[in-house]
Amino acid sequence: KAGVTQTPRYLIKTRGQQVTLSCSPISGHRSVSWYQQTPGQGLQFLFEYFSETQRNKGNFPGRFSGRQFSNSRSEMNVSTLELGDSALYLCASSTGGGFETDTQYFGPGTRLTVL
Amino acid sequence: AQSVAQPEDQVNVAEGNPLTVKCTYSVSGNPYLFWYVQYPNRGLQFLLKYITGDNLVKGSYGFEAEFNKSQTSFHLKKPSALVSDSALYFCAVRDDTGRRALTFGSGTRLQVQP
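Chain order of the listed sequences is D and A.
Letter by letter, the first sequence follows residues 118 to 232 of the working numbering.
Letter by letter, the second sequence follows residues 263 to 376 of the working numbering.
Just so you know, not all the hints are guaranteed correct.
[Stated by the list, open to error] Within a straight-line C-alpha distance of at most 27 Å, the following computed DSSO-like cross-link-like pairs (lysine-lysine) qualify:
no., chain 1, residue 1, chain 2, residue 2
1, A, Lys339, A, Lys311
2, A, Lys339, A, Lys320
3, A, Lys320, D, Lys118
4, D, Lys174, A, Lys339
5, D, Lys174, D, Lys130
6, A, Lys311, D, Lys118
7, A, Lys320, A, Lys284
8, A, Lys284, A, Lys331
9, A, Lys311, A, Lys284
Honestly, the hints are just simulated from the structure, not real lab data.
Predicted model only: the values in this text are computed from it and were never measured.
So here's chain D without its partners, still in its complex pose (with noise of 0.2 Å):
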């Protein structure tokens, strides 16, 4: 089976503009989550998608959201861009059949930079 892929893999934009990424997850799979990653802050919860539906919420304002496809592809947005934006953006898919031992597998990442 081929793994999460996402894209672009590499980003640079400016402050206050906006960006989308991208996400396909396993196939089979339906649950997709993202994650932030930081020097700082580390790994930090975004949000989960499941059947459409945005399941969890972690603690980010509303500039970031999200959306989920019928065929489970994901996609995130953040709005009006700031610099403490810049960070890799990882995106996971699990099986998504609401057990808390689900295995999560994450996709390579997007590195967004915000100058």
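Dock chain A against the given chain D, drawing on the hints supplied.
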């Protein structure tokens, strides 16, 4: 609230020697524990997980982890380190209270010297 502590920012070990990367956790309910590894410019790669049962869990690439409920620990181990094991290791936890997001530790950089 869930939390994970990885007390060592870096662990140095000689190739061929055993390695241990430490992790302690705090959760409200029963813990489900995971170890991931991250190589430079890559995402996180799943190594192993503890759900229930045997306290010694075996995973990928010869890694294993020991769950200790009384010490709330889940240390990652390998009997014989390889230079190629050098990477950033993350411990993560989720409990059974319905919150599905993983809570990660701050990561431990493993450096294996030839």
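Hint-by-hint comparison with the structure:
Of the supplied pair hints, the one linking lysine 339 of chain A and lysine 311 of chain A holds, its CA atoms being roughly 13 Å apart against a limit of 27 Å. Distance hint between lysine 339 of chain A and lysine 320 of chain A is fulfilled; the C-alpha atoms sit about 10 Å from each other, no more than 27 Å. For the hint linking lysine 320 of chain A to lysine 118 of chain D, the alpha-carbon distance of about 23 Å falls within 27 Å, and the restraint holds. As the CA atoms of lysine 174 of chain D and lysine 339 of chain A are separated by approximately 33 Å, the hinted pair breaks the 27 Å bound.
Annotation: proposed proximity of lysine 174 of chain D to lysine 130 of chain D holds, straight-line Cα distance about 25 Å (limit 27 Å). A distance of roughly 21 Å separates the Cα atoms of lysine 311 of chain A and lysine 118 of chain D; the hinted pair therefore holds under the 27 Å criterion. Using a Cα cut-off of 27 Å, the hinted pair lysine 320 of chain A and lysine 284 of chain A holds, with the two alpha carbons roughly 16 Å apart. Our distance criterion of 27 Å between C-alpha atoms is met by lysine 284 of chain A and lysine 331 of chain A, whose separation comes to about 14 Å.
Our distance criterion of 27 Å between C-alpha atoms is met by lysine 311 of chain A and lysine 284 of chain A, whose separation comes to about 15 Å.
This entry does not satisfy hint 4, going by the numbered hints stated previously; all others are met.
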